[in-house]
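Protein chains: 2
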Amino acid sequence: MSVDGVDFVHRQLGPEDGVPLILLIHLAGNLDNWDPRVVDGLAARRRVITFGNRGVGGSGGSTPDTIEAMAHDAVRFIRALGFDQVDLFGLSMGGFITQVIAEEEPHLVRKVILAGTGPAGGHGIDKVPALAVQATIKGTLTRQDPKLSLFFTDTASGRRAGRALLQRLEERTDNRDRDISLPSFRAQLKAVRRWGRRTPSDLSAIRQPALVANGENDRMVPSQNTIGLAARLPRSELIPLYPDAGHGGIFQYHEDFVARALGFLES
Amino acid sequence: MSVDGVDFVHRQLGPEDGVPLILLIHLAGNLDNWDPRVVDGLAARRRVITFGNRGVGGSGGSTPDTIEAMAHDAVRFIRALGFDQVDLFGLSMGGFITQVIAEEEPHLVRKVILAGTGPAGGHGIDKVPALAVQATIKGTLTRQDPKLSLFFTDTASGRRAGRALLQRLEERTDNRDRDISLPSFRAQLKAVRRWGRRTPSDLSAIRQPALVANGENDRMVPSQNTIGLAARLPRSELIPLYPDAGHGGIFQYHEDFVARALGFLES
Chain A
64 MSVDGVDFVH
74 RQLGPEDGVP
84 LILLIHLAGN
94 LDNWDPRVVD
104 GLAARRRVIT
114 FGNRGVGGSG
124 GSTPDTIEAM
134 AHDAVRFIRA
144 LGFDQVDLFG
154 LSMGGFITQV
164 IAEEEPHLVR
174 KVILAGTGPA
184 GGHGIDKVPA
194 LAVQATIKGT
204 LTRQDPKLSL
214 FFTDTASGRR
224 AGRALLQRLE
234 ERTDNRDRDI
244 SLPSFRAQLK
254 AVRRWGRRTP
264 SDLSAIRQPA
274 LVANGENDRM
284 VPSQNTIGLA
294 ARLPRSELIP
304 LYPDAGHGGI
314 FQYHEDFVAR
324 ALGFLES
Chain B
64 MSVDGVDFVH
74 RQLGPEDGVP
84 LILLIHLAGN
94 LDNWDPRVVD
104 GLAARRRVIT
114 FGNRGVGGSG
124 GSTPDTIEAM
134 AHDAVRFIRA
144 LGFDQVDLFG
154 LSMGGFITQV
164 IAEEEPHLVR
174 KVILAGTGPA
184 GGHGIDKVPA
194 LAVQATIKGT
204 LTRQDPKLSL
214 FFTDTASGRR
224 AGRALLQRLE
234 ERTDNRDRDI
244 SLPSFRAQLK
254 AVRRWGRRTP
264 SDLSAIRQPA
274 LVANGENDRM
284 VPSQNTIGLA
294 ARLPRSELIP
304 LYPDAGHGGI
314 FQYHEDFVAR
324 ALGFLES
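Residue numbers (our numbering), protein chains in the order written: chain A, 64 to 330; chain B, 64 to 330.
Since the hints were derived computationally from the structure, they do not count as laboratory data. Treat each hint with caution, since some may be false.
All copies of an identical chain are treated as equivalent in the list; a pair is satisfied when it fits inside any one copy or across any two copies.
[Said to hold, decoys possible] Derived BS3-like pairs: lysine-lysine, alpha-carbon spacing no greater than 25 Å straight-line:
| no. | residue 1 | residue 2 |
| --- | --- | --- |
| 1 | K190 | K201 |
| 2 | K253 | K201 |
| 3 | K190 | K253 |
I would like the entire structure built from these sequences, with the hints used as guidance.
Okay, here's the thing in structure tokens:
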């Protein structure tokens with residue numbers, strides 16, 4: 064759909080009524096980076112909308128280099144769909160965007176789910192771009208998807224969970240989203256670095272109910288950020304950190320996560 | 064074989080007599096990055112030795128961050144094998160190393176083959192590290208081997224040649240070399256940048272016969288460097304630049320290249 068001249072790619076799944084749940088994906092991700100088990104699991108009971116933000120994948124325009132601008136683009140997209148109340152589910156960088164929208168648009172946002180993410184100025188977040196680039200290069204040298212080392216623990220079950228996710232991400236064969244472009248990836252890296260270097264927010268302005276989740280050993284957005292979000296958000300609920308899991312914990316434990324997310328949204 | 068406490072991985076092919084031909088591989092390459100058609104083609108008539116320099120692939124030690132130190136390591140390896148005269152064949156960064164050895168060891172080196180390479184301070188060589196890193200990241204985002212864009216032209220026949228090379232590089236199944244480590248790759252990037260920023264050498268000190276080859280459209284080590292080598296090396300022979308080919312031109316035209324290389328070595 065076109066908003067102010069920018070075409071946003073998106074997919075709608077699930078029932079056509081109820082408060083829609085808008086999914087905001089991680090750094091470098093496109094529509095096909097959502098675990099189908101999570102999307103389909105949520106869509107079994109909720110109206111789910113995945114979308115590519117400005118300049119990402121099949122969406123037009125150029126990717127902004129601040130999280131705030133990404134949030135404003137997402138709000139324009141949501142309003143263009145005609146919604147005046149939505150739930151948000153942000154993963155990693157998508158969680159940064161979700162926090163900005165929740166704070167700036169208290170009437171638009173009913174509830175938020177924050178996974179593998181952290182607050183502005185959170186511990187280690189300014190290191191995410193360097194980690195992502197390093198893992199990308201190392202992945203090329205070893206012919207291994209960098210997501211395995213970035214999203215999963217280096218244990219037998221962590222590696223198994225990583226390979227299983229990579230397979231699930233290939234299940235969709237028709238109408239796949241376009242890969243992110245190098246300039247868009249660069250702009251996102253800059254935005255993430257800026258978010259990591261921002262003055263820490265006290266989070267008290269986010270008044271919506273928030274469900275917070277992550278693996279216990281996230282080496283991208285260190286898990287202590289998840290604990291910090293749960294501690295400082297005024298109305299938060301923390302899913303016990305998933306054991307032997309990292310940044311991709313909600314994909315590794317998709318059954319448990321989907322059940323808890325649905326329970327949170329419907330409570 | 065162990066030299067001063069460092070184990071160098073290497074492979075010997077072809078006849079066991081005659082002046083050996085030592086192959087020096089490109090940035091990030093290991094023993095398995097040599098096109099088997101080129102190695103086997105040369106080994107049909109020459110004693111061929113591929114090796115992993117210090118810290119690269121299965122070789123021990125840590126990779127130095129200057130081309131000069133890499134040259135000194137290669138000379139130690141060659142002498143430890145008991146050779147007092149060799150031919151050298153260097154591809155890209157391996158060609159930088161070859162030039163240093165040829166200049167510093169005029170009695171050790173009989174003839175040199177220089178492919179996809181250029182002199183110290185050559186045009187655009189200081190940009191190779193940035194190009195390699197960019198292509199690596201873009202390759203990950205698009206799930207495509209970066210070698211396709213770095214080594215081949217973006218035309219129907221260039222893309223076909225690239226895919227064919229990638230298949231040939233997978234032919235060997237037993238005893239493959241280890242992938243290069245990230246610290247070794249970083250050290251090589253630094254060495255290549257330094258080589259690109261060095262004061263241009265006049266090449267007059269390289270007195271050995273030199274065969275020079277490349278594709279006509281090398282976007283890594285721009286092809287004008289190949290022309291420059293041929294023009295300034297005192298005893299050079301230039302293979303007409305391969306049409307619709309880039310940095311991997313000698314692999315794309317392996318039959319022609321092998322025939323000319325053998326002719327040059329045996330003349």
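Now the hints, each set against the structure:
no., hint, result
1, K190 / K201, "both (16 Å within a copy, 20 Å between copies)"
2, K253 / K201, "both (21 Å within a copy, 16 Å between copies)"
3, K190 / K253, "both (11 Å within a copy, 22 Å between copies)"
Violated hints for the displayed structure: none, as all numbered hints are satisfied.
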